[in-house]
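Student: The primary structure of each chain is shown beneath.
Number of protein chains: 2
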Amino acid sequence: MSNTKALPVLEPEAVVPCCPPLTDASLSEEDAVRMAAMFKALGDPVRLRLFSRVASHEGGEACVCDIQDVGVSQPTVSHHLKKLREAGLLTSERRGTWVYYRVEPSVLAAMAGMLSGVAR
Amino acid sequence: MSNTKALPVLEPEAVVPCCPPLTDASLSEEDAVRMAAMFKALGDPVRLRLFSRVASHEGGEACVCDIQDVGVSQPTVSHHLKKLREAGLLTSERRGTWVYYRVEPSVLAAMAGMLSGVAR
DNA sequence: CAGCTGCTTCGATGAATATCAACATAGACA
DNA sequence: TGTCTATGTTGATATTCATCGAAGCAGCTG
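Sequence lines, in order, name chains W and F.
Take 1 as the starting number for the first sequence in the working numbering and just add one per residue.
Take 1 as the starting number for the second sequence in the working numbering and just add one per residue.
What the hints contain is simulated information worked out from the structure, not anything from laboratory work.
Because the structure is a prediction, the values reported are computed rather than measured.
Here a beta-carbon is modelled for each residue, glycine too, at the ideal position from N, C-alpha and C.
Errors might be hidden in some of the hints.
[Stated by the list, open to error] Examples of chain F residues toward chain W, derived with CB under 8 Å: (1) LEU22; (2) GLU29; (3) LEU42; (4) ALA55; (5) GLY59; (6) ALA112.
[What the hints assert, rightly or not] Over the 10 Å line for every Cβ pair with chain W, so calculated as not near, a few chain F residues: (7) ASP24; (8) VAL33; (9) ASP44; (10) PHE51; (11) SER52; (12) CYS65; (13) GLN74; (14) PRO75; (15) HIS79; (16) ARG85; (17) GLY96; (18) THR97; (19) TRP98; (20) SER116.
Build out the structure end to end from the sequences listed, making use of the hints.
Tutor: As structure tokens, this is what we get:
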């Protein structure tokens with residue numbers, strides 16, 4: 001397969017056109033695919049722990065070196081961080097030697113909104 | 001697997017011992033596995049649409065026959081509904097010919113709480 | 001420049017998952 | 001009883017995914 005060097009980062013608006021509530025019966029397959037991708041990103045224990053560690057860091061920002069002790073190899077950590085990035089849940093930035101990850105609050109808020117609309 | 005025909009009382013088999021917020025740095029691997037399973041259940045487009053259809057039905061309850069038109073075969077629908085059941089997101093009950101599914105609000109509220117704590 | 005460290009990407013592999021057709025089961029009704 | 005409808009289960013298959021070791025890249029420091 002010609003693995004393109006496709007840019008890893010989806011446009012934020014493409015990731016979250018902002019989610020209709022789950023109580024909306026007319027949830028299209030297209031929307032379902034996009035929303036499912038966000039939930040799927042948090043549907044792995046390693047990714048959930050990585051995300052939790054970033055979110056719990058002061059300023060919502062953490063260096064990879066501070067969070068990578070989750071019981072899997074370092075390449076695997078990088079792989080999962082990439083998945084979280086592609087899902088729009090995290091953003092990354094290299095500053096000198098280290099790479100810092102931070103949470104994307106708008107995406108999380110959208111997910112929470114979908115769920116709380118159902119749970120009331 | 002016919003459950004007792006008792007009233008829909010809260011099951012003590014709580015799938016959700018209730019979730020610490022994602023900003024809790026001390027998220028154990030055990031907790032991560034349990035929480036990830038819930039997100040994973042909604043991490044599939046077909047399941048998300050099925051869940052949405054149940055949630056959007058009046059009373060939060062729907063017959064399988066009303067929601068199974070999601071583009072996959074009937075056994076596949078049954079398979080996904082079982083997954084949602086095992087994740088604690090839906091409960092099912094047979095009444096006569098049809099089987100009815102309803103949402104489990106407490107689980108959804110817990111998930112929303114985890115996310116909103118981060119997205120503040 | 002050379003070596004070192006932090007992180008990502010590549011290639012391979014075993015496990016999990018989604019899907020369907022076929023079969024099984026449960027209730028309604030004649 | 002037997003047949004029909006509505007769901008669930010089984011078995012098989014193709015695809016996706018998580019994981020690792022090795023290699024590559026970027027930035028620091030001597």
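Student: Beyond 10 Å on every Cβ pair: is that true for ASP44/F relative to chain W?
Tutor: 6 Å, violated
Student: Taking 8 Å as the limit, does the beta-carbon of GLU29/F come near enough to a beta-carbon in chain W?
Tutor: Given a least distance of 6 Å, the restraint on GLU29/F holds.
Student: Report holds if the minimum CB distance from SER52/F to chain W is greater than 10 Å, and violated otherwise.
Tutor: 4 Å, violated
Student: Hey, does PHE51/F actually stay past 10 Å from chain W on C-beta?
Tutor: 7 Å, violated
Student: Minimum Cβ separation between SER116/F and chain W greater than 10 Å?
Tutor: 4 Å, violated
Student: For CYS65/F, is the shortest beta carbon distance to chain W beyond 10 Å?
Tutor: 15 Å, holds
Student: Would the non-interface assignment of THR97/F survive a Cβ cutoff of 10 Å against chain W?
Tutor: It holds; THR97/F is separated from chain W by about 23 Å at its closest Cβ, greater than 10 Å.
Student: Would the least Cβ to Cβ distance between ARG85/F and chain W come out above 10 Å?
Tutor: 16 Å, holds
Student: Would the hint on LEU22/F stand, with a C-beta cut-off of 8 Å toward chain W?
Tutor: 5 Å, holds
Student: Regarding the assertion that HIS79/F does not contact chain W, is the least Cβ-Cβ distance greater than 10 Å?
Tutor: Holds, because the least Cβ-Cβ distance between HIS79/F and chain W comes to about 16 Å, which exceeds 10 Å.
Student: Does GLN74/F really sit off the interface, with its C-beta more than 10 Å from all C-beta atoms of chain W?
Tutor: Per Cβ check, GLN74/F is outside 10 Å of chain W; nearest 18 Å; holds.
Student: Confirm or reject the statement that ASP24/F sits farther than 10 Å, beta carbon to beta carbon, from all of chain W.
Tutor: ASP24/F not clear of chain W: closest Cβ-Cβ about 6 Å, inside 10 Å.
Hint violations for this structure: numbers 5, 7, 8, 9, 10, 11, 20, all remaining hints satisfied.
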